[in-house]
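Since the structure of chain A is already known, use the hints to place chain B on it.
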Amino acid sequence: MNERQKSKLVVETCLLAGKIMIENGSEMVRVTDTIDRISHNAGATEARAYVTLTGIIMSATPDMGSQVTAIDKRTFDLEKVSTVNDYSRQFAAKKISLGEFYRCLKRMDKDVKPFPFWLQMIGAFMVSATLEIVFRSNYTDFWAAGFVGMIGWCIYCLTDHYTDIRFLNEFIAAICIGFMSILLIRAGIAKSADDLIIGGLMPLVPGVPITNAVRDTLSGNLVSGPSRGIEAIMSACALGFGVAMAIKILG
Amino acid sequence: MVNVIIFSVCVYFATIGFGLLINLPRKALNMAGIVSLIGWLVFHTVNVHMGGYLSADILGTFTVGILSIFASRYKKMPVIIFNIPALVPLVPGGQAYQVMKCLAIGNYALAKSNLIQVIFIAGGIASGFLFAEFLNQLYLRFKTYIITKKATR
Numbered sequence: 134m135n136e137r138q139k140s141k142l143v144v145e146t147c148l149l150a151g152k153i154m155i156e157n158g159s160e161m162v163r164v165t166d167t168i169d170r171i172s173h174n175a176g177a178t179e180a181r182a183y184v185t186l187t188g189i190i191m192s193a194t195p196d197m198g199s200q201v202t203a204i205d206k207r208t209f210d211l212e213k214v215s216t217v218n219d220y221s222r223q224f225a226a227k228k229i230s231l232g233e234f235y236r237c238l239k240r241m242d243k244d245v246k247p248f249p250f251w252l253q254m255i256g257a258f259m260v261s262a263t264l265e266i267v268f269r270s271n272y273t274d275f276w277a278a279g280f281v282g283m284i285g286w287c288i289y290c291l292t293d294h295y296t297d298i299r300f301l302n303e304f305i306a307a308i309c310i311g312f313m314s315i316l317l318i319r320a321g322i323a324k325s326a327d328d329l330i331i332g333g334l335m336p337l338v339p340g341v342p343i344t345n346a347v348r349d350t351l352s353g354n355l356v357s358g359p360s361r362g363i364e365a366i367m368s369a370c371a372l373g374f375g376v377a378m379a380i381k382i383l384g
Numbered sequence: 020m021v022n023v024i025i026f027s028v029c030v031y032f033a034t035i036g037f038g039l040l041i042n043l044p045r046k047a048l049n050m051a052g053i054v055s056l057i058g059w060l061v062f063h064t065v066n067v068h069m070g071g072y073l074s075a076d077i078l079g080t081f082t083v084g085i086l087s088i089f090a091s092r093y094k095k096m097p098v099i100i101f102n103i104p105a106l107v108p109l110v111p112g113g114q115a116y117q118v119m120k121c122l123a124i125g126n127y128a129l130a131k132s133n134l135i136q137v138i139f140i141a142g143g144i145a146s147g148f149l150f151a152e153f154l155n156q157l158y159l160r161f162k163t164y165i166i167t168k169k170a171t172r
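Chains A and B, in that order, are what the protein sequence lines are.
Residue numbering for the first sequence is 134 to 384, as defined by this note's numbering.
Residue numbering for the second sequence is 20 to 172, as defined by this note's numbering.
Be careful, since some hints might not be right.
Said to hold, decoys possible - Rough simulated footprint, nothing fancy, chain A against chain B, three-plus residues with beta-carbon under 8 Å: (1) 50-58; (2) 65-78; (3) 102-113; (4) 122-134.
Calculated directly from the structure, the hints in this document are not laboratory data.
Even glycine gets a Cβ: it sits at the ideal position worked out from N, Cα and C.
For reference, chain A alone in the conformation it holds in the complex (with noise of 0.2 Å):
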């Protein structure tokens, strides 16, 4: 392999990395650092790297043109920001080779499955059944504030599995969810609306970008701070405004 294909090689591989990381919900200084390490791992030692959250352009010698990878989707899936963690100590130990990473990477979504869907949905109503009562310490409400929740999550899956509009599955979930509290009062079955709204909307609370955007803002990075400042912000809204719209509808 002679010096031009290494560094493209380079190249590519730091690209890919960083495009997972921050598509599933690393913060940039971790993307930054790991395409440093990388790059100086395998004897690129010009290379310059610039990561904003929509997008990398990086170059691994300054008489070769540089790469850009654009970042459209942002989903949050840790597993795959701690499995590219991995890859890279295991590189920096000289385990894996360079031509190995890249074919890792690349097999990434066939190698780190999600949860399964059924697991996903206990989860959802853990999160909602106990977050009501630690919240409002409503123990009678528990079953019904975990079904809203997992009802509330699912909706969320489909509508985010079938449509491609941002903010959008937020705002559906956020609807369904103050309909079913306020029909389930209806109905006799709980005792207060807001305690099954508070702990329904417990799964969707946007943590990974608020953690994402607070961290990114405190080291500096103006750019991709704010961004997802206001990626969790319009989500909060969503949600905000959806429970508003159920409650405006049935009072």
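Below, chain B without anything else, positioned relative to chain A:
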């Protein structure tokens, strides 16, 4: 006291449930639950016994930040894996909901006071993380200082 024990169990399971939703690595689930539980216990103790939700939130997130740095060193995983689920019991969900509800039913004064609470809690969470990160960097500086001093001697 019984309430606190029930709440603790609830917080632990809520964290693990949220971990299932954002696909935490399986090895990290238990540790994330423990980090979150200790952070919430600090938050609850300060909130109930010393008064003030703001200092409670700052101290709670500070504990979460410090513990997740330790946990990430121990498990060799990114810090955010332990930060994000541990944040969930501390977010101002109840107040944020009250803001929207009061806006929907037209009670703007109550909405405003709740909104101010939400903003303060968000600031508290941010500053808690800030302090934890600050201590971490101080520690790293100190460590490299000691190492270089030993090497030059």
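Hints and how they fare:
no., hint, result
1, 50-58, "violated (count 0)"
2, 65-78, "violated (count 0)"
3, 102-113, "holds (count 9)"
4, 122-134, "holds (count 3)"
Going down the numbered hints, you'll see the structure goes against 1 and 2, while the others check out.
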